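Engineer: Residues per chain are reported as follows:
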Amino acid sequence: MNMHQYRPSGPLARYLTIFMHYLAQYAKIKMAYRWDFFVHIFTEFLQQSVSLIFILIIFSKVPAIQGWTRDQVLFIYGFFLVPFGIYSGFFNHLFDVPEKYVLQGEFDRILLRPINAWYQVVVETMKPELLVSMIVGIIIMIYSGSNMNLVPVWWDIPLAVILVIGAALVYAGVYTFLASLGFWSEGNLGLMPMVYNLSQYGRYPMTIYRGPVRFMLTWILPFAFVGFYPATILMHRYEYLGYALLTPVVGIVCFVIAYRVWAAGIRRYRGTGS
Amino acid sequence: MKLIEARGLTKEFRIFSRSEGVMGAFRDLFHRKYRVLRAVDEIDFAVDRGEMVGYIGANGAGKSTTIKMLTGILVPTAGTVTVNGYVPHKQRESYTKGIGVVFGQRSQLWWDIAVIESFKLLRRIYDVPRADFNRRLQQFDDILGLSSFLNLPVRKLSLGQRMRCDLAAALLHNPAILFLDEPTIGLDVLAKSKIREFLKEINNEFKTTVILTTHDLGDIEALCPRVAIIDQGKMLYDGLVDNLFSQWGQDKLEDIVKRIYMGQKPEPGLAGGGVSLV
Amino acid sequence: MFNRLLLYLELVRMEFVNNLAYRSFYFTGILNYSIQIGAYFFLWDAVYVGNRVIGGLDREAMITYVIIAWVVRSFYFSNLDRRVGTDIRDGKIALELIRPYSYQMVKYARSFGEAAFRMFFFAFPAGAAIYLIRPFTLPVGWDSVAMFVAAVLGAFVINAQISMIAGFAVFFTKSPTGVYKAKRVIMDLLSGLLLPISFYPGWAREIIQLLPFQAVSYLPNMIYLGKIRGAAAFEVLLLQVFWIAVLGFLAHLFWRFAVKHVVIQGG
Chain R
9 MNMHQYRPSG PLARYLTIFM HYLAQYAKIK MAYRWDFFVH IFTEFLQQSV SLIFILIIFS
69 KVPAIQGWTR DQVLFIYGFF LVPFGIYSGF FNHLFDVPEK YVLQGEFDRI LLRPINAWYQ
129 VVVETMKPEL LVSMIVGIII MIYSGSNMNL VPVWWDIPLA VILVIGAALV YAGVYTFLAS
189 LGFWSEGNLG LMPMVYNLSQ YGRYPMTIYR GPVRFMLTWI LPFAFVGFYP ATILMHRYEY
249 LGYALLTPVV GIVCFVIAYR VWAAGIRRYR GTGS
Chain L
3 MKLIEARGLT KEFRIFSRSE GVMGAFRDLF HRKYRVLRAV DEIDFAVDRG EMVGYIGANG
63 AGKSTTIKML TGILVPTAGT VTVNGYVPHK QRESYTKGIG VVFGQRSQLW WDIAVIESFK
123 LLRRIYDVPR ADFNRRLQQF DDILGLSSFL NLPVRKLSLG QRMRCDLAAA LLHNPAILFL
183 DEPTIGLDVL AKSKIREFLK EINNEFKTTV ILTTHDLGDI EALCPRVAII DQGKMLYDGL
243 VDNLFSQWGQ DKLEDIVKRI YMGQKPEPGL AGGGVSLV
Chain H
120 MFNRLLLYLE LVRMEFVNNL AYRSFYFTGI LNYSIQIGAY FFLWDAVYVG NRVIGGLDRE
180 AMITYVIIAW VVRSFYFSNL DRRVGTDIRD GKIALELIRP YSYQMVKYAR SFGEAAFRMF
240 FFAFPAGAAI YLIRPFTLPV GWDSVAMFVA AVLGAFVINA QISMIAGFAV FFTKSPTGVY
300 KAKRVIMDLL SGLLLPISFY PGWAREIIQL LPFQAVSYLP NMIYLGKIRG AAAFEVLLLQ
360 VFWIAVLGFL AHLFWRFAVK HVVIQGG
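Chains as they are written, first to last, in my numbering: chain R, 9 to 282; chain L, 3 to 280; chain H, 120 to 386.
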């Protein structure tokens, strides 16, 4: 036996190695299609700019929206873009599952490989260059934060990391759930754009929405936790402290439920139950 | 202990039948009609280590469904199956480490990246020690002549080259069993014979068990002493190819199989593997 | 000539029926647009406090503007750019050259079939459903209705032409998805879908007025609202005809280029 064998120290290390390899391969492909890569990043910037222009034009006409100033709304939008970047980079393409994987049978190949199926789909469809939204978001947060004389404190950074992870888990959960529906329906249900549009509600103050809408965004499709609630605490506004601190919990619950549905979907795909 | 052992293996599907026209589409919206299709119907099937078995049947006979059950993709509706000491659909992640699968119609490799990169990625996925990986790659290269296109992306390969790469990819982790679903489909004569040669060699050297579905009976004649024939989900024949010849008193496998597909039986006088007097 | 027309009509019908088969569209499409409109409704509702008038529109006019803009979009929107781009990327355009019809007309016909489907199954039910939830302003007179319908048809053609050109652009960029996305984002902003053009600063308005995009959403919406009437509305229609001619010519140039490219390089 060879003494210098490749032996990962555990499943986590193995999955991490596989991720790094996928990432390296992805980078190689992208360098082969360099033009496409930069166009993608450019259009992502373009899209964020349009949203930004939209907000700026509105505030060129009015001083505040229900007491929320331009800089506060910008700050919420900036925070919103950070988990949104993670979602765009890793979970958005779960929408390929119904068509590409289930209908066209690519999922067979996934099931023939000795690693977790969800993980395989995520690393096969990721577009990590879309993480650039995070950078745009951080710049907007810094810009608007300094405009409103926000003084950073030591716990801002660790708290922000926890909140962003929680918010990203909300996205992961919702999109995993939607992708799982592909195991039951034939092809795409068309729900993805709908939920995407709904997720965009999270980038404005919840106070502009009526009661039932706010309730749904908080407790059913919890997109209030991908932008507004966690952003308020980082702005050092504490009216929504309870909700803001709930962000990681909501993220975990959301993802756990969704993953169970996913597992049930795979059982269905393989022909047990219905 | 058999390597593959299936008893009463059955798979049923519910098929949604679409109605025609505008009104039909409307009706389907609210009320969907289903019928049950028995794709595989109580099949018994056993294979020893190192065997090469051909698995044939007309289109839609249930071949692919059987393969999907044996590889753990599908869970059987009824019956039992054990392969390589596992129940395929129950212990998927550990079971798949010990098998290799090639679908002729669809590549398992990543479309846009160089073949060698796909192999390296598979090495991580299947956890293959580097030394083993290099040694096996060398061996495959010797027989299949891969080195000239290892650095090309899959999309630039010819079908024959792609199939050779897919075969190598399926064998990198030294699986006990290799499942091949129409591995020679669309290949020219030379590419076919290269693949057959390779399979023979792999079977000889590593005692890899090979289960092969195909529409090309040349594959069977070249590789498989044993053949299983399935039609409408039922096993029509499972035995040596040589016995088929003596049973039917024909010298062309194609004619025999055609007759079996058409539902004919061998003439009684010739049955039982007797000597053909014609 | 007449036979060609029958073929294109048949394509319109075919696409209409094809769309019927996608059953999930009936439900999710309407819901999707309602959600989109809802987002803007809540925002504008919060923006307009008191009896404010912004960019020449009061609260009711603004909310009606948003609803009409999106409902009309649900009619004219199509995946034409993707279809053309895919044909180019997969080299199918070479196959189209051997067929006895106009490639562009076939694409337009299919898009129109889809648009007709969308009108009956998206735009009308969505408009009706929204009206039940939140009544919006109806057109002030029959002249506005007639002009609006004509302008919306013009909007469909212009949007389809822009999409066609975006599809042909795949020849140059080799980044299909980037082109589609850029087109969509630019259209959202410059057509007046997101914001009435009258909201923009003066210099931006001057630029936008030189471009075809505002004829897709802003101008038809203003006709609906009665802000543009009579001779002015007629001028809008003339402007649309002008843009249809210009864009048609551009699309033709792109098509010629594509054909040459295919003939020389084999796709």
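Source of the hints: derived by calculation from the structure; they are not laboratory data. Keep in mind the model is a prediction, meaning the values are calculated, not measured. Mixed in with the good hints, there may be bad ones.
Said to hold, decoys possible - Chain H is nowhere near these chain R residues, computed Cβ spacing over 12 Å in every case:
(1) 30
(2) 47
(3) 51
(4) 52
(5) 61
(6) 63
(7) 69
(8) 70
(9) 112
(10) 113
(11) 126
(12) 160
(13) 206
(14) 211
(15) 218
(16) 275
To be verified - Just some of the chain R residues that point at chain L, by a computed CB distance under 10 Å:
(17) 20
(18) 43
(19) 46
(20) 122
(21) 123
Unchecked claim - Derived Cβ-Cβ restraints for the label pairs, each shown as a range:
(22) H:329 <-> R:61: 51 to 61 Å
(23) H:171 <-> R:264: 38 to 48 Å
(24) L:264 <-> R:264: 20 to 30 Å
(25) R:156 <-> H:224: 36 to 46 Å
(26) L:134 <-> R:50: 52 to 62 Å
(27) L:15 <-> H:224: 40 to 50 Å
(28) L:153 <-> R:43: 15 to 25 Å
(29) L:153 <-> R:228: 30 to 40 Å
Even for Gly, the Cβ is constructed at its ideal location relative to N, Cα and C.
Engineer: Each hint: holds or not?
Structural biologist: A quick look at each hint next to the structure:
Taking the minimum C-beta to C-beta distance to chain H, about 20 Å, the non-interface status of residue 30 of chain R holds against the 12 Å cut. In this structure residue 47 of chain R is not separated from chain H by more than 12 Å, as the shortest Cβ-Cβ distance comes to only about 3 Å. A beta-carbon of chain H comes within 12 Å of the beta-carbon of residue 51 of chain R; the shortest separation is about 4 Å. For residue 52 of chain R, the shortest C-beta to C-beta distance to chain H comes to about 8 Å, within the 12 Å cut-off, and the non-interface label is violated.
Interface exclusion of residue 61 of chain R from chain H breaks down, the closest Cβ pair being 7 Å apart, not more than 12 Å. Residue placement check: residue 63 of chain R does not keep its beta carbon more than 12 Å from all beta carbons of chain H (closest about 10 Å). Non-interface call for residue 69 of chain R relative to chain H: violated, since the shortest CB-CB distance, roughly 5 Å, does not exceed 12 Å. For residue 70 of chain R, the requirement that its beta carbon stay farther than 12 Å from each beta carbon of chain H is not met, with the minimum near 6 Å.
With a closest Cβ-Cβ approach of about 16 Å to chain H, residue 112 of chain R is found to remain outside the 12 Å limit, as its non-interface label requires. The beta carbon of residue 113 of chain R sits about 20 Å from the closest Cβ of chain H, which is more than 12 Å, so the claim that it is off the interface holds. At the 12 Å boundary, the C-beta of residue 126 of chain R stays outside the reach of chain H, the nearest C-beta of that chain being 24 Å off. With a minimum CB-CB distance of about 29 Å to chain H, residue 160 of chain R clears the 12 Å threshold, and the non-interface call stands.
For residue 206 of chain R, the non-interface assignment is contradicted: its Cβ lies about 5 Å from the closest Cβ of chain H, within the 12 Å cut-off. For residue 211 of chain R, the requirement that its beta carbon stay farther than 12 Å from each beta carbon of chain H is not met, with the minimum near 10 Å. Its beta-carbon lying about 7 Å from the closest one in chain H, residue 218 of chain R breaks the requirement of being farther than 12 Å from that chain. No beta-carbon of chain H comes within 12 Å of the beta-carbon of residue 275 of chain R; the shortest separation is about 23 Å.
A hinted interface residue such as residue 20 of chain R counts as satisfied when its beta carbon comes closer than 10 Å to some beta carbon of chain L; here the least separation is about 14 Å, so the hint is violated. Contact between residue 43 of chain R and chain L, as hinted, is not supported at the beta carbon level, the nearest pair being about 15 Å apart and thus beyond 10 Å. At a threshold of 10 Å, the smallest CB-CB gap from residue 46 of chain R to chain L is about 17 Å, leaving the interface hint violated. Of the supplied interface hints, the one on residue 122 of chain R holds, with its beta-carbon coming within about 4 Å of a beta-carbon of chain L, less than 10 Å.
Nearest Cβ of chain L to the Cβ of residue 123 of chain R: about 6 Å, under the 10 Å cut. The hint holds. Take residue 329 of chain H and residue 61 of chain R: their Cβ atoms lie about 19 Å apart, and the range 51 to 61 Å is violated. Checked against the given bound of 38 to 48 Å, the beta carbons of residue 171 of chain H and residue 264 of chain R, roughly 46 Å apart, stay inside it. About 55 Å separates the C-beta atoms of residue 264 of chain L and residue 264 of chain R, a value inconsistent with the hinted range of 20 to 30 Å.
For residue 156 of chain R and residue 224 of chain H, the Cβ-Cβ distance of about 56 Å falls outside the hinted range of 36 to 46 Å, so the restraint is violated. At roughly 45 Å, the beta-carbon separation of residue 134 of chain L and residue 50 of chain R lies outside the given 52 to 62 Å, and the hint is violated. Against the hinted window of 40 to 50 Å, the Cβ-Cβ separation of residue 15 of chain L and residue 224 of chain H comes to about 42 Å, which satisfies the hint. For the pair residue 153 of chain L and residue 43 of chain R, the beta carbons lie near 22 Å from each other, so the given range of 15 to 25 Å is met.
Distance hint check: the CB atoms of residue 153 of chain L and residue 228 of chain R are about 51 Å apart, inconsistent with the given range 30 to 40 Å.
Violated hints, listed in ascending order, are 2, 3, 4, 5, 6, 7, 8, 13, 14, 15, 17, 18, 19, 22, 24, 25, 26, 29; each of the other numbered hints is respected by the structure.
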